[in-house]
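Q: Listed in order, the protein sequences are those of chains A and B.
Counting from 1 along the first sequence, just add 14 to a position and that's the residue number in the working numbering.
Counting from 1 along the second sequence, just add 83 to a position and that's the residue number in the working numbering.
Treat the hints with caution; some may be incorrect.
Listed below are the simulated SDA-like cross-link pairs for lysine to any residue, each with C-alpha atoms no more than 25 Å apart in a straight line [as the list claims (entries may be wrong)]: (1) A:197 <-> B:130; (2) A:197 <-> B:87; (3) A:197 <-> B:146; (4) A:31 <-> B:134.
Which stretches of chain A does chain B cover? Using the computed rule of at least three CB atoms under 8 Å from a CB of chain B, they are [what the hints assert, rightly or not]: (5) 19-27; (6) 97-110; (7) 160-168.
The set of hints was computed from the structure by calculation and includes no laboratory data.
We put the beta carbon where it would ideally sit given N, CA and C, even for glycine.
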Amino acid sequence: MSEIQRLNEAVTPLVQKAQAGDQQALNDLLRGCHPLVHRWALSLTADPDDADDIAQEVLVRVHRNLAKYGARSRFTTWLYQVTRNAALDQRRGRERRERLATHEYRDELQPDTDQADRLDELHRSRVADLVKSLFDELPERQREVFDLVDLQDCRPVEVSAMLDMNPSTVRAHLLRARRTIRKRILERHPEMAEEYGR
Amino acid sequence: MNCTEARDLLLEAELAELRGEGASEVARHVRECARCRAMAQEIVEQEGALAQALAGVRPRVAADTAAAEAVAAKVLPLRPRWKRRWAAVIPAALAATLAGILLTNNGTPPAVVPSTTEAAAVAAAPVVDATSSEIYVVFNTDNPDIVVVWLY
Numbered sequence: 015m016s017e018i019q020r021l022n023e024a025v026t027p028l029v030q031k032a033q034a035g036d037q038q039a040l041n042d043l044l045r046g047c048h049p050l051v052h053r054w055a056l057s058l059t060a061d062p063d064d065a066d067d068i069a070q071e072v073l074v075r076v077h078r079n080l081a082k083y084g085a086r087s088r089f090t091t092w093l094y095q096v097t098r099n100a101a102l103d104q105r106r107g108r109e110r111r112e113r114l115a116t117h118e119y120r121d122e123l124q125p126d127t128d129q130a131d132r133l134d135e136l137h138r139s140r141v142a143d144l145v146k147s148l149f150d151e152l153p154e155r156q157r158e159v160f161d162l163v164d165l166q167d168c169r170p171v172e173v174s175a176m177l178d179m180n181p182s183t184v185r186a187h188l189l190r191a192r193r194t195i196r197k198r199i200l201e202r203h204p205e206m207a208e209e210y211g212r
Numbered sequence: 084m085n086c087t088e089a090r091d092l093l094l095e096a097e098l099a100e101l102r103g104e105g106a107s108e109v110a111r112h113v114r115e116c117a118r119c120r121a122m123a124q125e126i127v128e129q130e131g132a133l134a135q136a137l138a139g140v141r142p143r144v145a146a147d148t149a150a151a152e153a154v155a156a157k158v159l160p161l162r163p164r165w166k167r168r169w170a171a172v173i174p175a176a177l178a179a180t181l182a183g184i185l186l187t188n189n190g191t192p193p194a195v196v197p198s199t200t201e202a203a204a205v206a207a208a209p210v211v212d213a214t215s216s217e218i219y220v221v222f223n224t225d226n227p228d229i230v231v232v233w234l235y
């Protein structure tokens with residue numbers, strides 16, 4: 015069972031209670047959503063810091079708009095769409111700021127951290143590099159489909175609903191994404207690439 | 084199926100097929116060919132590493148804190164812009180009205196009602212004290228006991 019299916023099963027009873035005004039259910043719902051939303055945001059942005067901001071924003075939006083969720087789709091489908099919108103808004107905001115600013119403020123920050131934090135920082139940085147190196151050339155839709163299906167074990171039919179996309183289009187994006195990423199993986203091994211060329 | 088065909092299919096194959104599972108041609112080839120199996124394993128390992136790396140990045144903010152902050156943010160939701168603008172304007176209008184009343188009632192009432200000529204002069208050359216508000220203008224006259232507050 016994928017993480018998405020697990021979350022869906024866990025939060026479905028909480029959603030109705032939270033909509034009815036149960037504060038504890040609301041807290042449990044938001045707390046339960048946070049890790050997966052952060053994971054999605056990380057994939058959408060390839061930036062751990064942006065993922066933190068987006069995850070927080072998504073929880074606020076879920077809280078504000080929970081009444082609008084009508085259970086016509088799975089909760090995780092709705093949640094993913096909220097996350098995508100938040101990521102999109104964040105990107106637009108950043109582009110707007112970058113047009114105004116001449117340099118990136120964040121790059122100048124040197125946080126005063128202890129060893130554990132520095133290791134965490136290093137890991138986050140490496141992951142960002144890894145994600146960027148494999149994902150960067152992928153169009154956004156291909157990246158999303160590949161991440162959800164191959165990395166998060168989501169079924170293509172679920173992804174079809176989450177992205178509001180025809181199943182055959184999901185399949186086409188997935189195959190193109192796999193081809194791009196796997197070629198890149200094999201390019202790191204010249205001996206394999208050489209054999210592949212024979 | 085030869086290796087060239089198989090290696091092209093590896094680029095699009097399901098992960099189970101890359102592991103040699105199932106009855107598809109590519110899965111069977113992976114089981115039988117060591118070189119293609121090595122390539123398939125490399126793909127599985129790298130994609131697994133990517134998935135693990137992504138899953139290994141934890142949010143800086145704990146879920147409990149994030150949820151609490153989201154709930155706190157709901158307490159003071161941002162209202163639509165037109166509501167925020169009116170929220171600022173209404174107290175200003177009330178303050179201006181009150182100021183006008185206080186100023187007009189300040190001191191004794193004028194002993195002499197301004198003549199028509201004086202009123203016309205005031206109307207012709209008012210001194211505008213406050214122009215910043217969108218909803219009122221205060222006109223001072225030569226007579227300190229008469230202040231005109233124009234709300235619009």
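Q: Below or equal to 25 Å on CA atoms is what counts here, so check residue 197 of chain A against residue 146 of chain B.
A: violated, 37 Å
Q: Would the hint linking residue 197 of chain A and residue 87 of chain B be met if the CA-CA limit is 25 Å?
A: holds, 14 Å
Q: Please work out if residue 197 of chain A and residue 130 of chain B have their alpha carbons no farther apart than 25 Å.
A: holds, 12 Å
Q: Are the Cα atoms of residue 31 of chain A and residue 134 of chain B separated by 25 Å or less?
A: Cα-Cα ~33 Å, so violated.
Q: Given that the stretch 19-27 of chain A was listed as covered by chain B, double-check it with a C-beta distance under 8 Å for 3 or more residues.
A: violated (count 0)
Q: According to a criterion of three or more residues whose C-beta lies within less than 8 Å of a C-beta of chain B, is the stretch 97-110 of chain A covered?
A: Result for this restraint: violated, n = 0.
Q: Does the stretch 160-168 of chain A contain three or more residues whose Cβ lies closer than 8 Å to a Cβ of chain B?
A: Contact hint for the stretch 160-168 of chain A vs chain B: holds, 4 residues under 8 Å.
This entry does not satisfy hints 3, 4, 5, 6, going by the numbered hints stated previously.
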